[in-house]
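There are 2 protein chains.
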Amino acid sequence: MKHDVQLLGLSNAIVDILAHVDDDFLEAIGAPRGSMMLIDAAQAESLYDRMGPATEMSGGSVGNTVAGFANLGGSAAYIGRVADDQFGAIFAHDMKSLGVQLRLPPETRKAPTARSHVLISPDGQRTMQTYLGACTEIEPTDINEITIGRPQVLLLEGYIWDTPHGPEVTGKAMKLAAAAGATVALSLSDDQCVLRHHAAFRSAIEGPVGMVFADDTEIMALMETDDFDQAADRAAGTGVLCALTRSAEGSVVVHGDQRHVQAAFPVEKVTDTTGAGDAYTAGFLYGYSQGKSLPDCAALGSRCGSAVIQQVGARLEPGALAA
Amino acid sequence: MKHDVQLLGLSNAIVDILAHVDDDFLEAIGAPRGSMMLIDAAQAESLYDRMGPATEMSGGSVGNTVAGFANLGGSAAYIGRVADDQFGAIFAHDMKSLGVQLRLPPETRKAPTARSHVLISPDGQRTMQTYLGACTEIEPTDINEITIGRPQVLLLEGYIWDTPHGPEVTGKAMKLAAAAGATVALSLSDDQCVLRHHAAFRSAIEGPVGMVFADDTEIMALMETDDFDQAADRAAGTGVLCALTRSAEGSVVVHGDQRHVQAAFPVEKVTDTTGAGDAYTAGFLYGYSQGKSLPDCAALGSRCGSAVIQQVGARLEPGALAA
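Residue numbers (our numbering), protein chains in the order written: chain A, 1 to 323; chain B, 1 to 323.
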């Protein structure tokens, strides 16, 4: 059975609102450095009122990965809910302009397009306060043979489980994709997200998920240990291919008996760490779609990750890898 | 009579949509490199469909200057029309978050907030295609004793004359501001704009305008000569203080018998030339508001201009001058 696209992403469709802040600001709003917190519409309004001048660009974890994958030359499609508003138009434009097929139309009657306030500290660390808006309206009826199609890889993000119908939506998507011959990949999003949905993620990995993307804190949360090596060993034991990123220490890819350690690519100056993991996943999956070896996939992932942290914003600028 | 703010800007309120392009793209859309062309709603939609992934941020020439001035610590207010939409909210937020008073509410019933498609070439040159939208709806009734107040400086941009009521709007604003004891400053926008409104600009300089900001092509267009030195001499002869920027060659400030040449500040890498002139004007006017000498004003202008071309976007990031 021929695949219609190499990568199908299913995730929360989000526009990022990026601003530089100092650590006093994070303390004043009660946001731990590096955290992602969900906020409601009123909190989003209040936070935006307090924030400094900002820049807006399309974001969302798996949204970034899908865009990066398409930017590298892969064929991709995307499922996520935006509203019929200007932020929704930005999100849709940025996907379409990379050739990504959008499988859902903009929703017209309910909450506005989601936005994540990305607060960038002087050292490049990012702290996110996310208002899910239209993302909360994704429903099981959005997932069907038409919208899933026949991807080579279906990539889900853990954050989808935070939406009201997330468990049914992801369950249906994984089932349909697996039946269509897809590899199901899961990006764990963040360690707090893993704690919120621990049982669901473990069950998915014992079931349809064949590939996991996680950073060190996420895999340790999932494997219930404070020791990274132990977490990696336990991840290997699941039989699932796990690509585990460790910031400056590079990444480790485990798959049953296979274990490959990939060094991080050298970075001149960290500008904004937003999207490092998403870009790694894009590079890794692009290599995978080309039938590359695991070390080659990991190397391409590292290269994309190091490129994105040297710019502001989570999506690679065109030509960023040429430098 | 005490001033209520140091700087009041009156201009087209615009959100920039920035994207990297190659020169083939510019040729395909028939846009001369470095030009600013006005486009209508249908052209804007078509262009956006053809453009790659983009970043959105508040812009507009004098809008950038007012934001930069406030970022430096000056007190500022702003008159410009935005719609009651998400781009209007972005524009208003970015001004308010710098402490800038907005003197007009968002317009609610007509065209959407203006956007300028800023197409950035690999060498940092920018080409702009601007849809004026809500900006075209500014009317003489928007200009009155309340909205003008008592600024130390009223700064107008040439682009305002491109709007349907521009001549009446600017005429009324200059008259009220001068009556309130303000210095009236005019930023010439671009050389094509000078050609479109040559008689009006000359008349304004013979009348209420006491200060002009221009680059070399603009002042040569206004003074009807191909020779910069001759243009500067003629500018000096008007008796108006003219701050004339020349990209890498720095700037020249003339005022009657006074003439000061300011070298450009060293620049490591030109990333995006958008806003260099606007940032120069912000720095110059900030020095002026502090009672600094012309050479000191020019030096601060140069410093701001060189800082802004080393980042993407036309408004200085917080802390950009600390580096």
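Hint data in this document are derived by calculation from the structure and do not stem from the laboratory.
These numbers come from a predicted model, not from an experiment.
Hints may contain errors.
Intra- or inter-copy, both count: the list cannot distinguish identical chains.
To be verified - Keeping only pairs whose Cα atoms sit at most 25 Å apart, straight-line, the calculated SDA-like set for lysine to any residue is:
(1) LYS269 <-> ALA178
(2) LYS2 <-> VAL240
(3) LYS96 <-> ALA236
(4) LYS292 <-> ASP24
(5) LYS2 <-> GLY52
(6) LYS110 <-> HIS93
(7) LYS110 <-> PHE265
(8) LYS2 <-> PRO164
(9) LYS292 <-> GLU139
(10) LYS2 <-> ASP215
(11) LYS175 <-> ARG50
(12) LYS110 <-> GLN310
(13) LYS96 <-> ALA41
Check the structure against each numbered hint from earlier and tell me which ones fail, lowest number first. 1, 3, 4, 5, 7, 8, 9, 10, 11, 12
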